[in-house]
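Student: Sequence:
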Amino acid sequence: MKHLSKIFLTAVVVTGFFTACNKIDNLKKAEALPVYQLGVSPVLSSSTATVAPALADSNKTAVTFSWSNPRYSVDSATTKYILEIDSTGKNFANENTKTVTGVLNTALTGRDLNGILLNLGFKLNVAQSIDVRLISSYSNNNERYMSNVVKVSVTPFADPSVLTSANTSVTLSLANAALASNIFNWSSSFKSYGGIVTYTLQYDSAGKNFVAPLEIAAGPAVLTKGLTQGEMNATALNSGIPGGNTGTVEYRIKAVTALGAIAYSNVVNVSIKSYLPILRMYLPGGYQSATGNGNDWDPPTAPELIRDLRSGVFNDMYYIYIFLPANAEFKVTTGRSWDVNYGGSGGNLAQNSGTNLKVTTAGFYRITVNRTTLKYDIREGRMGFVGGATGAGWNPPNVFPTYAMGNAATNLFVGINTFVANQGWKLIDNNAWDNGSKAVDETRSYGTAGGDGSTLEVNGSNFADITNSPVRNRVIWDGRDVNNVKYFTSPAAEMRLVGDGMNQAGVNDWDPPSSPQMTYSGNGVWTITIALKANKSIKFLAGNNWGAFDYEDNSGGSQAVGVNKGIRWEGGGDFKTPATAGTYTVTLNENTQTMRIN
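Reminder that position 383 of the sequence shown reads as 383 in this note's numbering, one-by-one numbering, no gaps.
Do not rely on the hints blindly, as some may be mistaken.
[As the list claims (entries may be wrong)] Quick list of in silico lysine-lysine cross-link-like pairs, BS3-like style, CA-CA up to 27 Å:
| hint | residue 1 | residue 2 |
| --- | --- | --- |
| 1 | Lys358 | Lys273 |
| 2 | Lys486 | Lys273 |
| 3 | Lys438 | Lys533 |
| 4 | Lys60 | Lys98 |
| 5 | Lys375 | Lys358 |
| 6 | Lys123 | Lys98 |
Simulated from the structure, these hints should not be mistaken for lab results.
Whenever a hint applies, use it, and build me the whole structure from the sequences.
Tutor: Printed below as a string of structure tokens:
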């Protein structure tokens, strides 16, 4: 029994030895195998270090980012990857991201990348640098690992709208100003950009290349803009197409991102037949009844201002040449009511202001207002001859007073000048040339390449040359039709005194052919010495028939000897001869628009 017990013990010890040896081997093997259940950081790489996609290739792959397997213990098909992109050096504080699952790479098209770059505020067409990194994790965002950072040079491109116009030609009319005229549609700009894009419809006259375009706001994320006939007409007039004429206006879309990137669409042309709009301004004030301009402070009877028809100030700038008595106060109204009116002081206008505009000294004034800039200017109202064909030459300081015209009435000047043949000339209302500012205090010179009776251009072309030399002409600057300021010329060869007030043999009452001619003394002055009857009537006639230009009494009442009286072309009464018959010298001055009997 003792022998058997030893054998059993030996067997037990041997068995335990082998068991112990197996455990040691298994531990050694376990230590030698890698463990991946927590994963490792992925390694990121880029297919290129420089990306400069073009609009034409924007839908093609621009760059591909690849990375190594983070080796999570879960199925790799569920592994989540977040690609982060930000400006270099910003520490991914404003990162843009793209998330993919179960793959080891992702591609960005040119337009995808462009949207990210615009979100970062990158400038268009300028090479800049981005940092890119990858974050891996389980699908529930646990066990996040971050890759290395890859730097890539990138250049964003402009991604503009495509603009279309419903009509390529429109004819407009004042009667249909409120009706629809045209619709502009455009595609979105900066596709793949995540922010708001604001659109503006720009326009300019054809061929000007949008150097100084005008704009119509469309708004954020708006892709269409309809314009009425009135609005289309405004684009034509502001582009320099005069009312009633046909011209071409170019339109394009300006798109601006929230971070300031700008892109311009293609240009579309629209041919426009324009019309002259009716936006009128008037000058009501306390002077009206005293000067024959209606009822005091009454917009319905107040004189109308002239609209400046030039591009850039059309329907903004208005002016008038008018006589005002001392201490006259007045305002400017838009329309024949007080609904919209302007007052002010110190050159500044204010809408619906309680402060009246005013002058302290009686005189003929030029009043200019700009309803957009809210500026005004009041200065002496005058007009004179300037140019090589005139005695003043092309030097405005030589114009006044020697070559001045007479202030015949509101927006009306008449003057006489002896012109030199084949030399240019203009009319001017100040003693210095304009500086091109289109400000309310600018000098206005007037001319036109058209002949007698043509519409005048502010600071425009010279008048056509006068070919017969020398010749004395009467020139009329006529702005009484505020929609069409014109000029007229006629020979100033003679001036006759007509009426029943002359006591001279061979002169028949009110008979132009038998009436005596006056002598021209220069500078618009005519004189005659003649016997006059007491308390009779006379007037001045620039010819030997009743169809000729004539001057009549602008002030009425009896004629005092040695006192100037105002004259009026059209619509006045007859002048009265002195209360005592006798021989007198009668003087007519067309430049000062006065007559006197001495």
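Student: Need the status of pair Lys358, Lys273: alpha-carbon distance at most 27 Å?
Tutor: violated (41 Å)
Student: Given the hint that Lys60 pairs with Lys98, test it: the Cα-Cα distance must not exceed 27 Å.
Tutor: holds (17 Å)
Student: Measure nothing beyond the straight line between the CA atoms of Lys438 and Lys533; if it is 27 Å or shorter, mark the hint as holding.
Tutor: violated (54 Å)
Student: Is the straight-line distance between the alpha-carbon of Lys486 and that of Lys273 27 Å or less?
Tutor: Holds. Lys486 to Lys273 sits at ~23 Å (cutoff 27 Å).
Student: Hint check: Lys123 vs Lys98, CA-CA at most 27 Å. Holds or violated?
Tutor: holds (22 Å)
Student: Holds or violated: Lys375 and Lys358, Cα atoms, limit 27 Å.
Tutor: holds (15 Å)
Of the hints listed earlier, those the structure fails to meet are numbers 1 and 3, in rising order.
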